[in-house]
Structures are given as structure tokens and as C-alpha cells.
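Participant: Protein chains in written order, with my numbering: chain A, 18 to 323; chain B, 18 to 323.
Among the clues, some could well be false.
Copies of the same chain look alike in the list, so a pair counts if it fits in one copy or across any two.
Straight-line Cα separation of at most 20 Å, EDC-like style, residue types lysine to aspartate or glutamate; simulated pairs [said to hold, decoys possible]: (1) Lys231 with Glu143; (2) Lys231 with Glu312; (3) Lys231 with Glu241; (4) Lys231 with Glu242; (5) Lys231 with Glu309; (6) Lys231 with Glu176; (7) Lys171 with Asp40; (8) Lys156 with Glu270; (9) Lys156 with Glu176.
Simulated from the structure, these hints should not be mistaken for lab results.
Spelled out, the chains give:
There are 2 protein chains.
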Amino acid sequence: MSLLVVGSVALDSISTPFGEVTDALGGSAVYFSAAASLLGPVRVVGVVGSDYPVAQLQRIRPGVVDWSGVESQKGESFRWRGKYSFDLSSRETLDTRLGVFANFRPSLPPSFAATPFVFLGNIDPELQLSVLNQMQRPKLVACDSMNYWIESKKPQLLEVLKRVDTLLLNDSELRELSGDWNVHRAGRWVLGRGPRRVVVKRGEYGALLIEPGKTFFVPAFPLEEVFDPTGAGDSFAGGFLGYLARTGDLSSEGLRRAMVCGAVMGSYAVAKFSISGFDGVTPASLQQRIAEFHELTHVDLAGTIG
Amino acid sequence: MSLLVVGSVALDSISTPFGEVTDALGGSAVYFSAAASLLGPVRVVGVVGSDYPVAQLQRIRPGVVDWSGVESQKGESFRWRGKYSFDLSSRETLDTRLGVFANFRPSLPPSFAATPFVFLGNIDPELQLSVLNQMQRPKLVACDSMNYWIESKKPQLLEVLKRVDTLLLNDSELRELSGDWNVHRAGRWVLGRGPRRVVVKRGEYGALLIEPGKTFFVPAFPLEEVFDPTGAGDSFAGGFLGYLARTGDLSSEGLRRAMVCGAVMGSYAVAKFSISGFDGVTPASLQQRIAEFHELTHVDLAGTIG
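The following block holds chain A by itself, in its conformation from the complex (with noise of 0.2 Å):
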């Protein structure tokens, strides 16, 4: 089943311990798509300003992706300036130009509104809205939001939860939306205001998907080289949204898997600077790496102690 993103279609100028990139594809958007698209066809809604390379987003699986709805207004498009600390573990921004994004209003081709599962990429809850209004009764809808929305817009944010099945959100993010520092509690505060589910997104150490009365876990993929941690957040929410899309299954069962794609996509996300990490990944070599998550978690507890 085909599944739509809207969210941010960045040019990203970012520098690690390890080197040091300008003006690389970047963007919500563009992370969750070229993880998802490993996975089955992908929709995308967004803006870029008359400077962006569009020629390159168009390479990122022809025929996978359909870029359609990306409008292409005049002005500069969305740039990100940031640094990473020598650990990686903190990041500052040094600069941000929001260009054409700061006007972004999505409007959605006819064709996409009929599409069964939508992630609505972390920007301002009112366009999350707006872009609901424009939808057929999709299947799923999933979310992710931002420190920034949750100060500022945080009725507009419960509303858009009142009508989200699956809410991400990364630990810090969840505690403060919540106003709760016990993320299993924070999860269930988010359970009684909409959403059926929520995964919250740890970085190195995983992710959680709290569901009523459950909670199922998927550490990160064992990295011993890690060189660029921006997009792990929306390339696992390609995975996860990208896995749930192809096989429809949101049983129990098919959200855990979908949780490992998520999970291998945020590794594939980390090992390159922008996209590039996706590149050359094949079904066989995908497979093989979320074959690897069975041998990360896998215990059998039966007759531990009896």
C-alpha cells in the first residue's frame, strides 16, 4: 500500500569529528523517504526554493519515489547549519534559514489523497492539520513533532494527536510534551489523548513502542563507526512507516518487525554523511541486516529458573 510524507526538503551543512559536508540533501522528508522507499513506494509533500538541487533528490530510486508534490517556489530553500560535539553525543546549531519553508502551506495533489498511510513530518501542527483535512480517511497516520512545537503550539499539537494512531517522538521530546520524566508514564499520559501507540526514539540506545499494557524494545544496531547522526529520527520512521505500508499488518507482531526496519534504517542513516548511507543497499543486503537484530536480542527464557 503506498504511503505519503510531508515534512521538510532541506539542504544540510553539517560537520563531525570525521569531516565535513555543504549544502547536502536533507530534510525530514528526504531521510524518511529514502528509507522508506527500500521498502515500497513512497508519496512525498514539501517545498523547495528555486536553488535546490532537484535533480539529485530525483536519483534516490526513480519510480519509488514520487516527488509531485514537492512544490518548487521562488527563493532560497530550507538551509541547516549544525556542529557535532567530538562524541557525537550533543549537537549545535549554527544557523537555520527557514527560505520558503517559513511558507510552506501543503496542498496535496488529488492523486496522493487517497493514500492509506501518511507520516506527518515534524512541522507546524496546524499544517499537520491542514494536511489531515485534505486526506481520504487514511489507514494509519503517524506523527512526530518537535521541543519547539510543544512550547509553542501545544493545543494545536493535542489536536493533531486526537487524530494520530502512532505518535514518534524522541525521549526528551515525550518528557516534555508529557510533563513526565518517566518515559513508560509519558507513554500512557500520550495513550489517553489519542494515539494507540507511541515510539520513543533513544538514539544509541534504541527505541520503545508503548502500546495499552504493553511495551516492545529494539536496541540500536551495534555500530563501531557511527558519522553523522542527523536523519536517524526520520529514517527509522521510514522504516517503521515503510514496513507497516507494505505489508499492511499492524497486528502485535508486524509493529515489532516494523520497529527492527526502523531500526536498521536509523543504522544505514548514521554510517554516511546525508543520504548517503542508503546507497548500495540492496533486499539481500537489508535482509541480512535485520536477520543481525535476531542475534542482538534473541533469548530463549523458557525454564530459566523453573
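Following the hints, position chain B against chain A.
Facilitator: Chain B in isolation, oriented as in the chain A frame:
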């Protein structure tokens, strides 16, 4: 098979957002024993002052924990006083009084010398070596350490590692010991210095077992109420080694089960002050909590993208 622990036997005065306790049973050997004795017999080597409430120690599963290696000396017992932040994520040491622990020279009762499983709690590496020199070819030696020894006695600690099978450290200690912020590379660094495996404790994020060429991950049990994190790491060690000593099973599968037992014991430790979280744990409730780890991490990956 029997299990020996050498470590601190202390009195802790702790303040958390939920309450305070004064002169409660604490110290690495006490938490370790409270946990490990749920799985089998434990022998303790340590020192207390003449003011220590020894009768309270002896009420911890009488007949299962052997306290005859705990020497009573004239003087004050080791006391630690600390305060946790509102979200329990950090703590401040308000006072440390070593008392008789400052002159601790572990002396093993002759009947302890042939104990097959040994845990060297976080004490001076020179004392850890002296314990090993008093032992007869143990089947498995595990040890812990801390930043203080890494900074002040690294050469001696590296001598200890040459004689240790399993190193248990928290992630910040592992980073400091190896000089590498990537825990997977840091783990491999340790494997080149003696130990056959490293257990990396990561608090609320769980723990990693790093062996040559493979890694296993166990999450922390999802708790909506964490009362006092003190002793979680030593309780993890008690569960891990208690399980290995109980079964003698050092296979990869046995080590994974031991990791789950460690995580279970950590979850009991943090539920109440001191070792009260272990009160009332029965074989049935223990088995129940172990089984809940299956639900928390199990995923069937066969044919995920096939």
C-alpha cells in the same frame, strides 16, 4: 555451584524526590548478595565497623548467604550520603566516610578459597588482585570497577583484567577506561586485555553483553515507578552471576539468560530504598518477571522482507 563476592558493606543515607532514608543497608556486596541469593548460595567477604547492624544482614535469606567472611573491626562502618535529582538521572555525593573500609584487607576464610564463581566488587584493584591470589583456580572471575580506580590505579586495574573472565562496567566507566566514546569499540578494546566478555550497564537503557564478534542486548524492565536507583548495578551483577553459578552454563544462551536475570534484579533494586525491593520476591514472582522479558524483546523476523 557456590558464588563469592568481595565488596563494600556500607550504610547509606539517601534522599530522592520520594523520601529519605538514614543508615540503610547498602554497599556493593550487600546489593549483590540480596540479588544473587534469590538464585543460590552466596559467600561474602567484607568489613564492617562495630556500629554495623549485623543482625539485619543476617536476616537476608538466612542459610543462603554466608556472612562469615565479613570481618567486624573496631571503628565506624563505611557510610555514604547522597541526593538524587528530581528525575533520578543524576546524583550528588554529600558525604563519604570510609571508616574501617579504608583499611580493608580482604582475608578469605580457608573454606571460601575453592569457590568456583567470584565477583570482585568495586574496590581497589590491588585488593582485587590479593583476593585472586587467595583463590584456587575459580571457574569464572568477574569484576567491577569505577572512575576513581581508572584514574588513580589504571596499571593495577589492567593487571586485574588479565585475570578476569567478565568485566562489568557502566558505559561512562567503559569509555573512560578505554579512552573511546563508542561503547562497541570500547568493548572490543577490553576483549584484547584479558576478559572474554564485557557487560556494559546503561541504567534505564538496559545492558549490553559484548563477546568477540557478537553482542546481546537486554533492556531495563519498564517501570513506571523508580524509587531509588542506588545498587541497581550491583544487583544486576548479583542476578547475572547468581544465574551462572546456579546453572554452571557459560554457553552463549546461558549468558543471555543470565543477562535477563541481571535486568530483573536491577528492577527489584530500584523499586524501594536499600534492599527492600527484594522483600517478598518468590520463585514464582521471579519466574513471572523473567518471562515478561520475552514479551518485551521477542520478535519473529523470519520472512520480514522475504
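Participant: Run through the hints listed earlier and report the numbers of any the structure violates, in increasing order.
Facilitator: 1, 6 and 7
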